[in-house]
Structure formats: C-alpha cells, structure tokens
Amino acid sequence: MSDVHGSGKFLVGIFDDDDVVLQAVKEVKNAGVRIHEVYTPFPIHGLDIALGHPRSRLGIAAFMFALSGTLTALAFTYYTEGFDWPMIVGGKDPYSPIIYVPIIFELTVLFCALGMVGTFLISNGMGPTVKPLMYDLRTTDNKFAMAIDLSKNSIVEGDIEQILKDSGAAEVNVKQF
Amino acid sequence: MSHVTSAVRPPLVTGGKTYADVTEDISRQVEGAPTREWTIAFTIAVVVLIYGTACVFWTWWEGLGVWGLNKTVGWAWDITNFVWWVGIGHAGTLISAILLLFRQKWRTAVNRAAEAMTIFAVLCAASFILMHMGRPWLAYWALPLPNTFGSLWVNFKSPLVWDVFAISTYFTVSLVFWYMGLIPDLATIRDRARSKVSRYIYGAFAMGWNGSAKTWARYEYMSLILAGLSTPLVLSVHTIVSMDFATSVIPGWHTTIFPPYFVAGAIFSGFAMVQNLVLIIRVVFKLEDYITIEHIESMNKVITLTGSIVGVAYLTEFFIAWYSGVEFESYAFINRATGPYWWAYWTMMTCNVITPQLFWSRAIRRSIVWTFVLSVVVNIGMWFERFVIIVTSLHRDYLPSSWAMFHPTLFDISDYIFSFGFFFTLFLLFSKFLPVVNMAEVKAVIKSSSERLPVSVSGVAKGERVANPTFNKDVE
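Quick mapping for you: the protein sequence lines, in order, are chains A and B.
1 is the number of the first residue of the first sequence in my numbering; add one for each residue after it.
1001 is the number of the first residue of the second sequence in my numbering; add one for each residue after it.
Bear in mind the hints are in silico, worked out from the structure with no lab data behind them.
No residue lacks a Cβ here, since even glycine has one placed at the ideal position from N, Cα and C.
One thing to keep in mind: the hints can contain errors.
Stated by the list, open to error - Computed Cβ-Cβ distance ranges for the label pairs, DEER-style:
1) A/Y79 x B/P1010: 55 to 63 Å
2) B/R1366 x A/K152: 51 to 59 Å
3) A/K152 x B/G1016: 38 to 46 Å
Using the sequences and the hints given, assemble the complete structure.
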C-alpha cells in the first residue's frame, strides 16, 4: 500500500509503449536505480516479475473462503435437516449429503467470489472514498509511467533522468506529493 | 501478449487504432450528451416499463386469476418467461469466464455488453418468480430462515430451493465479475472527467484504482479465479433450472437429458440476444472497428453449435419416448407434435433446429442483416421451446376429464411486455453511463492482433522487439 500513502519527491518517466516500458524496467534496474512502481493502462504480463513484486497470495485466500463456504453449507444443511427439524421427503433419509451437493456448490462459489473480491480491495487499499495518488493522469489512457522515489535512491536526479531517457522514456517529469 | 498470435488470424481490432483511440472512441458516448436516438429509445423503454409495472401491480392486487391459468395448466407464461430470461442470461458469463479460460481473445470486445445483458436478464427472470408467487411480500419464505419466521425450514431437497441458491449466487457472482471488470475503465473516465460531479461519481465507483503493476498482477489473478469459479457456475444454473422439471413425474418433463439440453439451449438463446444488442450498439456508437464481422461470425458459430445440440436433444427426447415403451411418455410427445399445440411445436422446431443451420453458409454467417434476423428467430424459437415443454406437458392431464387448454390473457401478455421495458430501460442506462466495451482489455489485445503497431516506435529502438507486429515475442 506504499503507493497509496506515498510522499516526497518522485521522478516520473513516461513511456508510450508497453514493450518498451517492460524492457526499460530491466535496464533501469540494471543501472542501479530503485523503481517505486510502474503504472499502466492495462496489464502487462511479466511486469510484476520484472519489478520483483512477490507472487500474489490471493489464491490462498480464495481457497480458504471457498472452504468456509463448503463447511457452512454442510453444517447448515446438517443442522436444519439432520438435527433441528428432520423431514422425510419421498421416503428418503432426512439427512443425505448427496442431495445437498447443489447447495454446497453454490455456497462454495458464493463465499469464494465475495471473499476474494473483498480481499482484493482491502489488499490494494481500495474503497469508494479512496483518492488515488496518480503520478500521471494519462496512465489510465495511453501512457505508461515509471515512478522513482528520489529519497530511496542515492543516484542524483539528473543521472536518473538520463537513465530513464536512455531506456526509452518519452518525457521525464517531477512529481511532488 | 504472453503468447504468439498467428499472422493468419484476422485482426481483432481494425482501423489501425492506437491506445488513445480506444479510450476516445469508447469514452465518447459516456461523456457526451445523450444522442437523439438514445433519448427516443429510452423514452419508449420507460413508457413500456410504466405500462408493464402497472399491469404487474394489477396482477398482484387482483390475484393470479387475471392470468389464463386453470386447474390443469397451473404454470404457463410465468415460468416460460422465467426460463427464457434465465437462458438469455447465460451468454454474458459464458463469454467472460469460459472464453477467458479458453484464451479466446475476441471476447474482449463483447464481454462488457454481454455481462450487462446477463445481469439485467437475470433480474427480469427474478421478476417472474416474484410475480408468480402472487404474494410477493412473502417472497422471503423461499429463504432458509428459522422456524420463528414461518412454520418450517425450507426443504433443501427441493430443486426449487436449489434454484433460489443457484440464481442468487449466479446473479451476485456475475455482478461482482462485471463490476470488477469495470473498475479500470471507470478510472479512465474519472481521469478524463471535466466536471467535478462526474469525477466524484466515477471516482467513487473506481474505488481509487491507480493501475500500478502490483494491482494489475492481483487483478489478473483474481479475474482468473473468478473465471474458474464462474465456469461451473454458468453450467450449474440452467442444470438446476432444468431439474425444476426433470425431477418431477410429469411426462415430457421427467427426462434425464434435461440438464445438458437446457444448458445448450440457454447458451444458444443468450448468444442470439447478444448478437441483437451488439449489432445495434456497434452501429449506434460507431464501434465497427472493435466489434467486427469476425466477432459476429465467431458468435454465429457458437449459435450453430449449440442450436445443433438442442436439435439433437429434441430428437433424442422423441426417440426415448418411443423406446421407453411408456404410453404416457409417448403420448406426451406425439401430442406435442400433432395435438392442439402443434403450431407451437413446429414453430420451435423451425426456429431452433432448421433456420440456424443457415449459418453453415459463410456468407450468411458474416451478413449483418441475416445475423440480426436469425437471432430474433432463435429467441422466438427458444421462447416457444419453454412454452411447449411447460404447457403441452401439463394440458393433457392423466385424467381425460381434466384436459384443458391454456389461453393467455391481456395480463399474461402485459406482464411479459413489462420484462422488455425493464430490460431495455436498464440496458439503455448502462449503454449511456458506462463504457460498453472493455477498454483495458481491448488495449491489451490490440498489439498482438491489430493491423499495425499502435504507436510509432521511432526513437525507442532500444527496446528489443520483433518487427512483425503479429508475432510479439513472449515477454516472459
């Protein structure tokens, strides 16, 4: 969530092309510059890996939510039909788990989807009242922005600007939060 | 861009669009004032909705006696309309989930509109459930609430209760999937907005999206899992709807092939409805470069496939009715084809089995007029399919003294018209206030499949890239 609560002075390299920005990430990193984050209008495969972001653990969360849905459905159908008020319908056992498969499946999917989306929003610090820090408003349109936190880099500003331009940045701006 | 696209494949986006063009072309209709065509269409939809709502309230006020139901035919247009709308609601999530898993990139141009259609169609379907209850204020009885609310827990062994879970889960997950897909595009509109009000409103719905690499990585991961969840969910919904009939003992309903047959029929009618909506959208919003003839042809292929599955199912039902040796079963089917409702049966056969076969011709598959007309025909056929299954199975009861006919009344028809007013009001609101094509996803496929590179690469030759734009290097 550092990007949401970022502060200080940033150098923002603006790129026109997704392949160029992906290559630039590797070049800028090789030059010894620490990249704060890259902002893009659409997902670029491999960008998170190039930036060294850890693999998302959203899948683990999704599995846990799915499991909680399955267990809720099992427990609820058992409590109602096997314990609280057993009903014999069509001569079948009051409690027979096979017949609850549709309910168990639906609740598994429901819990998983809602839980995962909630986790996604929370882990990104997103919400209806959140005001994002936009390094460049064009990054939701057609530009790709590489933000570099000057306080976290020992290389001087002018050199970083040159490295960005050498790696293909169309323009380099300063952004102060 | 993570895999190579063959140069033989036709481009998904024509007209040499750049990323900025995509934003401009698709945001335009959201940002501008409503067009005259939109205003006229919206006015008509609202008038129909008001008339329909009045009729629905009269149905509730007066009771279900205003419908043409009788002691023998206790289910008719209400459930026909319900199943028809739920069926139409299958295409959206199929396009966005199953086609995502199959890496069908052409889905990107149509998935937003198709998902919106899904959500509105499921709402229309749900309205018929409320209508046919007669006492909608007791609708909560269908929910699993404790004894103090009613007399008992709901019967979890009943397919009708499974349906409550299936439809509500399907609606919720589809809505979430659709909304999550909208967030990056809402952020685009937020950042382009000139007025404070629209920046505030779109900003609130964009939830502070910033498009960072980390967010996108999580977003893609989430989309994949949601697609994985939605795939069996789509198939489960109409499977369970079909069980409302298949687990009964009525001849013509008690059929084990109902689940796959209903699912195929649902996809068939859903794609037909997507065709109708998308063909209008692409002309009105001038999106011919995004929703191309290739997209229309791809969907027509799905219609041909699922229509043929439905055709095989009709014939299988007939064969099994004879082969089973059960007199009631055989009679139910002979009565369908030759009894008093023969015209409904043969409308269904013609519209669903015969006319869609015209799509084997490439010229017809790629013709806008033919596609539009045949898609309307498919949905007429699919409405009659449900009518035939429901009414012809019921109207000849086991006792000949109970035999009856169903005749729709003004309120049967008006309550059906209500759903069109409801659907088109919602759909027109969507098409005005939200981007009808997923901008972020189209931008992501534009390069691997466009006619030319979207941006000039002069001066940035340092980035290693493959010269042929249709053969982008695997970036991983």
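These are the hints, each one checked on the structure:
1. A/Y79 x B/P1010: 55 to 63 Å: holds (57 Å)
2. B/R1366 x A/K152: 51 to 59 Å: Holds, at about 56 Å.
3. A/K152 x B/G1016: 38 to 46 Å: holds (41 Å)
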